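**Q** Numbering (the working numbering), first residue to last: 1 to 358.
Think of the hints as simulated: they come from the structure by calculation, not from any bench.
Note that the coordinates shown come from a computational prediction; the quantities given were computed from them, not determined experimentally.
Where is the CB? At the ideal position from N, CA and C, for every residue including glycine.
Treat the hints with care, as some may be off.
Unchecked claim - Restraint ranges, calculated between C-beta atoms of paired labels, are given here: (1) Ala224 <-> Val355: 24 to 30 Å; (2) Arg196 <-> Gln356: 27 to 33 Å; (3) Gly27 <-> Ser266: 19 to 25 Å; (4) Gly116 <-> Gly52: 33 to 39 Å; (5) Ala323 <-> Leu243: 21 to 27 Å; (6) Gly48 <-> Glu198: 56 to 62 Å; (7) Gly195 <-> Asp281: 38 to 44 Å; (8) Leu243 <-> Ser191: 19 to 25 Å; (9) Gly116 <-> Val355: 41 to 47 Å; (10) Ala81 <-> Arg172: 46 to 52 Å; (11) Thr351 <-> Ser309: 40 to 46 Å; (12) Gln357 <-> Ala224: 32 to 38 Å; (13) Thr351 <-> Glu54: 34 to 40 Å; (14) Gly48 <-> Ala224: 41 to 47 Å.
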Amino acid sequence: MTESLSRTRGRDVLDMALVIPLQGPAGIFGPSCESCAALAVQEINADGGVLGRELNLVPVDGGRSPEEVAIEVDALVSAGAVQAVTGWHISAVREAVAPRIRGRVPYAYTALYEGGEDRPGLFLTGETPDLQLGPTLDWFAGTAGVQRWTIVGDDYVWPRRSAATAARYLRRIGGTVCDEMFVPLGTSDFSSVLGRVEASGCDAVLMLLIGDDAVAFNRSFAAAGLDRDILRFSSLIEENVLLASGTESTRGLMTSAGYFEDLATSSGLEFAATYFREFGDDAPVLNSLGESCYEGVRLLTELMRRAGSTQVPAMMSVADGLAYESPRGTVELRDRHLRQRVFLAVADGLTWDVVQQL
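Make a model of the complete structure from these sequences and hints.
**A** Here is the structure:
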């Protein structure tokens with residue numbers, strides 16, 4: 001009887017690994033990611049599922065070491081326990097997971113990232129520097145007269161490659177990198193970093209810090225009084241980090257993203273209304289990182305429906321030009337990257353005030 005049920009379930013259910021951080025500096029994002037992905041699954045199953053199969057998420061803790069995460073995902077794929085992978089996790093985890101998957105199942109990576117990924121079967125929903133970082137630096141130079149930057153990042157692939165991209169953009173527009181510092185993931189003491197920031201003579205700090213590290217930096221930055229004269233921009237900071245940083249630590253803090261909870265577009269407002277109607281006013285904070293997991297589940301589903309298959313070659317053959325409506329508006333897949341609008345926002349206490357589309 002158990003064997004029969006297992007065969008039935010294997011035929012009628014499509015299992016998708018959801019790799020999100022449940023611990024470590026990025027663990028602050030986990031609940032938002034999980035709830036947004038769950039909302040996507042509810043909507044997809046209410047609409048008939050995926051190719052006649054019920055969609056089911058298999059959670060994987062992406063907050064562990066990259067190798068631990070990769071070993072678990074590899075085991076799930078090899079055992080046939082999951083037929084797809086998605087989720088928000090740092091680039092160091094993606095760099096370990098992707099070679100293990102080897103294109104055997106489709107993998108939708110939802111985090112903003114440094115760009116350049118082209119491995120077979122890998123689809124990317126997040127913002128890339130050409131859409132997010134470069135236009136932001138242009139805006140700072142042209143609108144705020146900010147040309148002198150100091151970069152502070154965590155020490156792994158995304159901050160280092162993004163810093164190199166930022167330096168190239170700044171050289172192109174006559175800007176300067178005054179100083180550049182990278183700290184271990186999990187850093188909470190930024191006293192020496194702040195000393196160098198102050199001594200650098202910069203107009204603004206480019207923060208490439210994750211979760212709890214960004215919170216600690218924001219608190220220390222404001223406590224040292226540096227927020228009186230120096231702006232901060234981070235391409236990876238959202239509502240959870242604002243709340244944890246506190247109102248007194250967010251003056252002069254800006255970000256850019258494809259989605260904000262307070263984004264006043266019809267698609268964004270509709271998504272927020274659906275989210276809070278489903279999960280209630282005490283739901284995990286709605287933000288761009290959480291919404292990206294909704295996006296990852298939706299993208300894989302749309303690709304499978306268009307291909308009529310869950311197989312990577314079939315999905316890749318129909319990927320280019322796939323467009324659909326999402327909380328980010330109309331999005332389109334080009335070279336397996338989701339093309340989308342990106343918006344600039346400034347912190348207003350504990351919320352984001354969206355300034356303009358970049």
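**Q** Each hint needs a verdict: does it hold in this structure or not?
**A** Consistency of the hints with the structure:
1. Ala224 <-> Val355: 24 to 30 Å: holds (26 Å)
2. Arg196 <-> Gln356: 27 to 33 Å: holds (32 Å)
3. Gly27 <-> Ser266: 19 to 25 Å: violated (33 Å)
4. Gly116 <-> Gly52: 33 to 39 Å: holds (36 Å)
5. Ala323 <-> Leu243: 21 to 27 Å: violated (34 Å)
6. Gly48 <-> Glu198: 56 to 62 Å: Once the Cβ atoms are compared, 58 Å apart, the range 56 to 62 Å for Glu198 and Gly48 holds.
7. Gly195 <-> Asp281: 38 to 44 Å: For Asp281 against Gly195, whose Cβ atoms are near 42 Å apart, the range 38 to 44 Å holds.
8. Leu243 <-> Ser191: 19 to 25 Å: holds (24 Å)
9. Gly116 <-> Val355: 41 to 47 Å: This hint is violated: roughly 29 Å between Cβ atoms.
10. Ala81 <-> Arg172: 46 to 52 Å: holds (47 Å)
11. Thr351 <-> Ser309: 40 to 46 Å: Distance hint for Thr351, Ser309 holds at roughly 43 Å.
12. Gln357 <-> Ala224: 32 to 38 Å: holds (33 Å)
13. Thr351 <-> Glu54: 34 to 40 Å: Distance hint for Thr351, Glu54 holds at roughly 37 Å.
14. Gly48 <-> Ala224: 41 to 47 Å: violated (56 Å)
Hint compliance for this structure: hints 3, 5, 9, 14 are not met, and every other hint is.
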